[in-house]
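A.B. asks: Model the full structure from these sequences, guided by the hints.
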Amino acid sequence: MTSKDKLIRTETLNLWYGEKQALYDITLGILPNKITALIGPSGCGKSTLIRCFNRMNDVIDKCKITGKIFFHETDIYRPDADAVEVRKKIGMVFQKPNPFPKTIYENVAYGSKVQGITNKNQLDEIVEKSLKNAALWDEVKDRLHESAMGLSGGQQQRLCIARSLSIEPEVILMDEPCSALDPIATAKIEDLMTGLKKKYTVIIVTHNMQQAARVSDYTAYMYLGKLIEFGETKQIFENPKEELTENYITGRFG
Amino acid sequence: MVKIFHLSWKGSLLKEKGMKTLFFLSAISAIIVIFSIIFFLFRDAYPIFQKEGVVDFLIGMRWYPTGQPPLYGAFPLIVDTLLVTLGAMLIAIPLSIGSAIFIAELATPRMKAIIKPAIELLAGIPSVVFGFFGLIVLVTWLQITFDVPTGESWLAGSILLGIMAIPTITSVAEDAISSVPREYKEGSLAVGATRWQTISKIVVPSAISGITAAIILGIGRAIGETMAVMMVCGNPTYGLIPNPITNVFAPIKTLTATLGIEMGEVATGSDHYSALFGLALILLIITLIVNILATLILGRLKEKQRSGSKRLPIISFELAKKIKQSLYLFIGIVIIIILLMAVGIIPVICILIIIALMYYSLKKISIKIKQKIAFSIISLSIIIVIIFLGIILAYIVTNGVGALSWEFLTTGPSNLGRSGGIFPSIIGTLYLVAGAIAISLPLGVGAAIFLHEYTKEGIVTKIIRAGADLLNGTPSIVFGLFGFAFFVLYLKFGFSLLAGQITLAFMILPTIIRTTEEALKSVPQSLREGSYALGATKWQTIRKVVLPPAAPGILTGAILGIGRAAGETAPILFTAVVFSNFIPSSLLQPVNALPYHLFTLATSIPGSKENQAGTALVLLLLVIGIYLIAILLRNRFRKNMKW
Chain A
1 MTSKDKLIRT
11 ETLNLWYGEK
21 QALYDITLGI
31 LPNKITALIG
41 PSGCGKSTLI
51 RCFNRMNDVI
61 DKCKITGKIF
71 FHETDIYRPD
81 ADAVEVRKKI
91 GMVFQKPNPF
101 PKTIYENVAY
111 GSKVQGITNK
121 NQLDEIVEKS
131 LKNAALWDEV
141 KDRLHESAMG
151 LSGGQQQRLC
161 IARSLSIEPE
171 VILMDEPCSA
181 LDPIATAKIE
191 DLMTGLKKKY
201 TVIIVTHNMQ
211 QAARVSDYTA
221 YMYLGKLIEF
231 GETKQIFENP
241 KEELTENYIT
251 GRFG
Chain B
1001 MVKIFHLSWK
1011 GSLLKEKGMK
1021 TLFFLSAISA
1031 IIVIFSIIFF
1041 LFRDAYPIFQ
1051 KEGVVDFLIG
1061 MRWYPTGQPP
1071 LYGAFPLIVD
1081 TLLVTLGAML
1091 IAIPLSIGSA
1101 IFIAELATPR
1111 MKAIIKPAIE
1121 LLAGIPSVVF
1131 GFFGLIVLVT
1141 WLQITFDVPT
1151 GESWLAGSIL
1161 LGIMAIPTIT
1171 SVAEDAISSV
1181 PREYKEGSLA
1191 VGATRWQTIS
1201 KIVVPSAISG
1211 ITAAIILGIG
1221 RAIGETMAVM
1231 MVCGNPTYGL
1241 IPNPITNVFA
1251 PIKTLTATLG
1261 IEMGEVATGS
1271 DHYSALFGLA
1281 LILLIITLIV
1291 NILATLILGR
1301 LKEKQRSGSK
1311 RLPIISFELA
1321 KKIKQSLYLF
1331 IGIVIIIILL
1341 MAVGIIPVIC
1351 ILIIIALMYY
1361 SLKKISIKIK
1371 QKIAFSIISL
1381 SIIIVIIFLG
1391 IILAYIVTNG
1401 VGALSWEFLT
1411 TGPSNLGRSG
1421 GIFPSIIGTL
1431 YLVAGAIAIS
1441 LPLGVGAAIF
1451 LHEYTKEGIV
1461 TKIIRAGADL
1471 LNGTPSIVFG
1481 LFGFAFFVLY
1491 LKFGFSLLAG
1501 QITLAFMILP
1511 TIIRTTEEAL
1521 KSVPQSLREG
1531 SYALGATKWQ
1541 TIRKVVLPPA
1551 APGILTGAIL
1561 GIGRAAGETA
1571 PILFTAVVFS
1581 NFIPSSLLQP
1591 VNALPYHLFT
1601 LATSIPGSKE
1611 NQAGTALVLL
1621 LLVIGIYLIA
1631 ILLRNRFRKN
1641 MKW
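Protein chains in written order, with the numbering used here: chain A, 1 to 254; chain B, 1001 to 1643.
It should be emphasised that the hints constitute simulated quantities derived from the structure, not laboratory data. Values in this document were obtained by computation on a predicted structure and should not be read as measured data. Ideal Cβ placement from N, Cα and C applies to all residues, glycine included. It cannot be assumed that every hint is accurate.
Think about it this way: if two alpha-carbon atoms lie no more than 25 angstroms apart in a straight line, the pair counts; the simulated BS3-like pairs of lysine-lysine are [claimed, not checked]:
(1) B:K1372 x B:K1185
(2) A:K102 x B:K1370
(3) A:K102 x B:K1544
(4) A:K89 x B:K1370
Where chain A lies over chain B, by a calculated footprint (3+ residues, C-beta under 8 angstroms) [what the hints assert, rightly or not]:
(5) 1173-1187
(6) 1191-1199
C.D. replies: Here it is as structure tokens:
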């Protein structure tokens, strides 16, 4: 694979939270229409890295970044790049389901509304389509105008996925999307992910190695802010090249 | 063996019970005080209610107690109070909310670290200092700028009250905005919303109940404010509603100002005296309603946060939307009607056309430019606030610093305070504050220990907390009237240090209870469990494990209370102070105090300008210094309390 094939590519990415360095010289490429998993022990920087892809770290005070991240061969950290434009193309689903304290409908329609769509029919269509794509439509179609806070945790997370699909991004980042969910809800989300990769590129952070093995095509193993190994999931799990990776996936530490 | 065990158990049980009773008694003190206030106000107001009838007293159109025949109609005073508050809120609400959004969302961490405590500090400026500034600078400025016979007016009162309410509203609203979960913000940004869209569509709506409570608290403060309003509103002899009602340059007379002025010249037991207590009762009821509203909203908010906002809202979203729309419509119509009355039909149509044009042009401009406009307006609001407060502080410092000298601080006043120093007032203030804190600290800490350590959340704690909240919202002038009726007259203390100390103590009691409770809350439950597991009793646990780490927090509360007591004028106006260079040698003698000295100089002693500014500066430095210590201590405490 050449760099042209890569949808997202980082080059010697370093990140500091104040004085503390959290990422060291990360260089990796993400292929389109694949699921890439970032794994590693707690505090290895996997969540920090995924938040770099849509410039979500901009929200955090005292966060400093050097290096480059290319999306379609455009550096998203270029001084004149607009984080808002980046996030329209690269959506995100968070660790804890975070629906807004609004109705189910308003949650999904929010992204389109802030981009200036006001036509009711168009919004209705977007909401229905997004909820269907997130496999939530049948469960909520009769109560679209009730509070999203009344949904179960798994439903809330699928609502958040629908919300991120509503603006038709190219990439969906998922930061431990199942860590707050029970096994049944987790299975539903995993099924959903596999379906999503037909249309989208998915990057997922997970602390659950089985999950990475089950759903992902590529896996990156990180440790102490460094990218240790990156390759096809099958290879990483069956035939890791680095000893650190092997120790982690065989459960010798982590 | 069994017997010995039994005996020792019994002994400690007795002590435990004793402590619990003691704490219970302190806890109900807040309720006893609020009920006594209501009782004494009602007792002394009763004769006028009986004579004039409650309804006639309330809706009587003229307040002219010295007329022939005397007229006791509270209605114009109530209307004036509401008008001055309305004006104040028109100034304070937009500026405060803008400032709160700026501090919570736009300021860099370093800016936030400076602006936030600065705003809190400004909340501590004594109202008599604001009044002094208003009287000397604002009123004159209005008179010259608008070429009116006198600047002492509704407008002057509203501007001053508005500035005074800004720190309170900003601080509470900022807390509400800052406590919106970061997840909401991230969720919004992640779908490509701009910062301004996120703030206006997600953050502020999520914080709306906290912001509402902040506004209501601000309204409560403005209604209950006495000294500043009294000094700048003109106070015509007979209370009248401005004519026409939109005449902002009309002098007005609020409930609080009427009490502050007339209480000093009234014969005890006369109809007029009774009528003043009637006014105080009205004032208390208005502020109680306002504060109960704020407490209810904040209480619901806390509950919502605790239950992870899982609970569904009581009314459906669609209904809420409809209510909101009709509310906007209603407010819009009211504003248009007021404008129609004020300026006539043609200007109103022009204004409407301009608004419509602005609305449509806003719709057309890009999201990014909208954000720029919004951020500029928000930044502008905090700049205006800083300029307002900066002007006040700069005026007092530059004018007061000339008077300041060692002699000024250590000698008594001469020539009615035109020359000489302010030594007796400094001593008087210290005496008053020392007594107030000596009474309120044990009561307040005891009450907080009872609330937090001895009882489960339930009906008892709710009642006690409600009592403390009501006490907190009671206007200071009402404390003054209560102190006069109860300590000065009923208990026959006379105008005395003691009466002033107890009155001030009651006023700062809620502050102490609340801050102590917060300090106790911050001590983790595991520490207590560790102590119990070693066989310690409850009181032992509290004394040896809970109180030591909570001490800095309790101290902060005490210092905040001291600061408030040092700056207050209204509660001691009719209980303790005389304008003199007298230093009391017993608790039953009257005193002079800094805020009262300043008030008297500014309102009744012409030709004392330099000493006025000097006194204002000393008072300001004293109170701000005390608050600064409290804020620094609290911030340090918070930093170190990472369990």
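A.B. asks: Each hint needs a verdict: does it hold in this structure or not?
C.D. replies: Now for the hints, and whether the structure bears them out:
Distance hint between B:K1372 and B:K1185 is fulfilled; the C-alpha atoms sit about 19 angstroms from each other, no more than 25 angstroms. Between A:K102 and B:K1370 the CA atoms are separated by roughly 24 angstroms; this keeps the pair inside 25 angstroms, and the hint holds. About 47 angstroms separates the Cα atoms of A:K102 and B:K1544, which puts this hinted pair outside 25 angstroms; it is violated. At most 25 angstroms may separate the alpha-carbon atoms for a hinted pair to count; A:K89 and B:K1370 meet this at roughly 22 angstroms.
Evaluation of the coverage hint for the segment 1173-1187 of chain B: fulfilled, as 7 residues show C-beta separations to chain A shorter than 8 angstroms, against a requirement of three. With 5 residues carrying a beta carbon less than 8 angstroms from a beta carbon of chain A, the segment 1191-1199 of chain B meets the three-residue requirement, and the given coverage holds.
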